[in-house]
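Novice: One line per chain: the protein sequences are A and B, in this order. At position 103 of the first sequence (counting the first as 1) the number is 102 in numbering that gives the first Met the number 0, and the numbers step up by one without a gap. At position 181 of the second sequence (counting the first as 1) the number is 180 in numbering that gives the first Met the number 0, and the numbers step up by one without a gap.
Calculated from the structure, these hints are not laboratory results. Predicted model, so just to flag it, every value in this text is computed and none were measured. Be aware that one or more of the hints could be misleading.
To be verified - Result set (DSS-like, lysine-lysine): computed pairs, CA atoms no more than 27 Å apart in a straight line:
1) A:K264 - B:K141
2) B:K205 - A:K264
3) A:K15 - B:K141
4) B:K263 - A:K200
5) B:K273 - A:K264
6) B:K204 - B:K141
7) B:K204 - B:K75
8) A:K264 - B:K247
9) B:K204 - A:K142
10) B:K273 - A:K200
Unchecked claim - Quick look at which bits of chain A chain B covers, simulated, 3 or more residues with Cβ under 8 Å:
11) 89-103
12) 135-143
13) 150-163
14) 217-231
As the list claims (entries may be wrong) - A few chain B residues that face chain A, going by a derived Cβ cut-off under 8 Å, partial list only:
15) A187
16) F246
17) K273
Just so you know, even glycine gets a beta-carbon here, dropped at the ideal spot from N, CA and C.
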Amino acid sequence: MPVILNIDNVTKRYRKAGGLFSSGGQLFTAVDGVSLALEKNTTLGIVGESGSGKTTLAKLILGIEKPDSGRVTLDGRELSSLSGAELRLARRGAQMVFQDPYSSLNPRMKIIDIVLEPLRAAGEKIADGEKTAAALLERVGLKPDALLRYPHEFSGGQRQRVAIARALATGPGMILADEPISSLDISIQAQIMNLLNRLKKELGISYIFISHDLAAVRYLCDFVAVMYRGCVVEYAPAAELFRDTRHPYTRLLLSAVPDPDPARKTVLEERRDGSGGPGPQACVFSDRCPRAAEACLKKRPDYTEAAPGHFVRCVRAEAGAN
Amino acid sequence: MTDRTAPLLEVRDLSVSVARDGTPTRILRGVSYRIYPGETLAIVGESGSGKTIGALSVVRLLPPGAKIDSGSVLYKGKDLAALPEEELRGVRGAGISMVFQEPMTSLNPVLTIGLQLAEPLMEHKGLSYSEALPACEKLLEKVGITDAGNRLAQYPHNFSGGMRQRVMIAMALACGPDLVIADEPTTALDVTVQAQILDLVDALKKESGLALALITHNLGIVAQRADYVLVFYAGRVVERGPAEHFFKSPSHPYSRALLNSLPKMSDNPGEPLKTIEGLPPSFDEDLPGCPFAPRCPEVFDKCRSAEPPEFRTGERRGSKCWRGEPGFKP
Ligand SMILES: Nc1ncnc2c1ncn2[C@@H]1O[C@H](COP(=O)(O)OP(=O)(O)OP(=O)(O)O)[C@@H](O)[C@H]1O
Ligand SMILES: Nc1ncnc2c1ncn2[C@@H]1O[C@H](COP(=O)(O)OP(=O)(O)OP(=O)(O)O)[C@@H](O)[C@H]1O
Ligand SMILES: [Mg+2]
Ligand SMILES: [Mg+2]
């Protein structure tokens, strides 16, 4: 399968404390040596701890942030080496849909201008704006009478469709969606998921879908990466990840999904409260892992192919045991 | 100890309208409910159905142009809907606190997290900033943010989405309120942090009789945590009742449709998910009949001509559907 996006050993650090003016201070690693590839016309889900670096990774992919080391290659072009017009051109290939349809659409712009904005930003000449915008709206199931209205006249779900139409404008090969459905009601969530799947079939798009909703991830994604403290700790085809879970953090995560049946009480996997964090050499999950052993504190486990296409960062996976 | 058998908050027949282009549009129509101490009340329903407006009107933090037309909000023997602004300020953040729906827009980008977290403690407990800091550090730790001391000196843009949301929760808990009204408080949290936060709230419920009004689209949380459920549709409470009844035997067709469109861990990824066809009615048009009738799979003639009142379906249970009318035969 051809690859549309390649993330090669990417690391991003931020300054720890001290606000705008302090220059010293310790560094905090938000994304820690992440390698991932996205095949054309597939959906990669990214799940994981709050603060584990998912949004930072998205910013690195879009070229909004520059990595401290490692490379991001989008459609054969390495982003960190580009700037100005070249970067703008490369960015056309990847568009973003944000979590919050309320704040991500400019309230003072008409829908037509919102939808055409990425084309204008890329310096494209648009012959017939109305026709172009109407066609984009039609793709997402909105009528052309929406063109001249403003965002506040639409419900959350409709606004998220507008955001998706905008993301489609430049004909991107890839769409990155950071929590695109969590603020919508369930029926609209289902509509948006059906829409994403339909566009994938019709246009051959690839997606990165960042979400805390594991049922949605299981439903939408072909592959899933699980992040913890800046690292990808497990990566596998979606069906396999849910069936044959290898990393203890992934297992903890799955056990914590609240069951929508009150008769089945959700019982969390045993956990320990990490205090002080793991040592610099230790496995990133060692301070919370219920099964941490001596070896886990001494050396950070390698990212190992535990089964064909199934990667895990855990000593137990290295040893082949489970 | 608080009396747990008397309602902590009673909302009676609350109606709210919003001015759009100068003309008032009715958003909430006759909303009534009670919350008891130690109880978790979940508010679910359609996007745009008035859940947020309903929550904001309890402490009168409505957006410009919105106003309470009628009804009352009884809390500790006072009607908050009629209370003078200064007195209400003493209630907000102390007795009743809010977690707002947009953590990005409700934190001030140019103030440190520490200053914003200390704010309610300084205002309601009369502490100085340095006196409040240790409490702030503890609060951050309680919501699962490690390295709390350093984090207090950071700004909102240094925090991830879920961390900002947890700051909002910590702020709401700071002054030991009786009632927290939380609008989608866990949408940006992973499920383990979410469980940790909800455990914290559950412990406070038991210890001090804290009550929680929780607006959420996450029916998993409702199933696991809620005692009582309100279902909103088009500005009305169309169904209310104990949580186990809502899941086991929902009375309103909208509730049933909502439960049906939930993706389950067991769903087959190849098949499209069920959705509710059509759109909710616009607030501008005043159609006769039930607001759900145009989309309802169980609609019959009467539904289109007259709006159903609430029919009692059991103890603390009711549904606004003609199918619940005594003597109704399908
Ligand atoms: N501009 C910044 N300055 C300093 N630290 C930052 C900055 N942006 C992010 N961080 C830190 O990097 C870490 C990862 O943040 P990120 O937003 O990528 O997390 P996330 O996985 O998207 O979390 P969530 O699920 O809560 O949205 C966090 O600890 C955060 O505090
Ligand atoms: N500031 C405002 N000006 C005009 N109309 C508004 C305003 N705020 C809300 N509304 C309208 O009031 C209605 C109820 O909105 P509300 O935000 O309470 O919905 P909600 O149930 O919280 O939806 P969601 O689940 O999407 O958050 C909507 O039709 C909305 O468009
Ligand atoms: Mg994020
Ligand atoms: Mg709302």
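Novice: Taking the hints in turn, state whether each one holds.
Specialist: Hints versus structure:
1. A:K264 - B:K141: holds, 24 Å
2. B:K205 - A:K264: Satisfied, since the Cα-Cα distance of roughly 19 Å is no more than 27 Å.
3. A:K15 - B:K141: Status holds; Cα separation ~20 Å.
4. B:K263 - A:K200: Given that 27 Å is the threshold and the Cα spacing comes to 23 Å, the pair holds.
5. B:K273 - A:K264: Holds - the C-alpha atoms of K264 (chain A) and K273 (chain B) are around 25 Å apart, at most 27 Å.
6. B:K204 - B:K141: Cα-Cα ~15 Å, so holds.
7. B:K204 - B:K75: Given pair K204 (chain B), K75 (chain B) holds - Cα atoms ~18 Å apart, limit 27 Å.
8. A:K264 - B:K247: holds, 15 Å
9. B:K204 - A:K142: Violated - the C-alpha atoms of K142 (chain A) and K204 (chain B) are around 48 Å apart, more than 27 Å.
10. B:K273 - A:K200: Given that 27 Å is the threshold and the Cα spacing comes to 19 Å, the pair holds.
11. 89-103: The restraint on the region 89-103 of chain A holds, since 4 of its residues have a Cβ under 8 Å from chain B and three suffice.
12. 135-143: Our answer is that it is violated, as 0 residues pass the Cβ test (under 8 Å) against chain B, missing three.
13. 150-163: holds (count 3)
14. 217-231: holds (count 3)
15. A187: holds, 7 Å
16. F246: This hint holds: F246 (chain B) lies near chain A, its Cβ roughly 5 Å from the closest one there, short of 8 Å.
17. K273: Check passed: Cβ of K273 (chain B) comes within 7 Å of chain A, closer than 8 Å.
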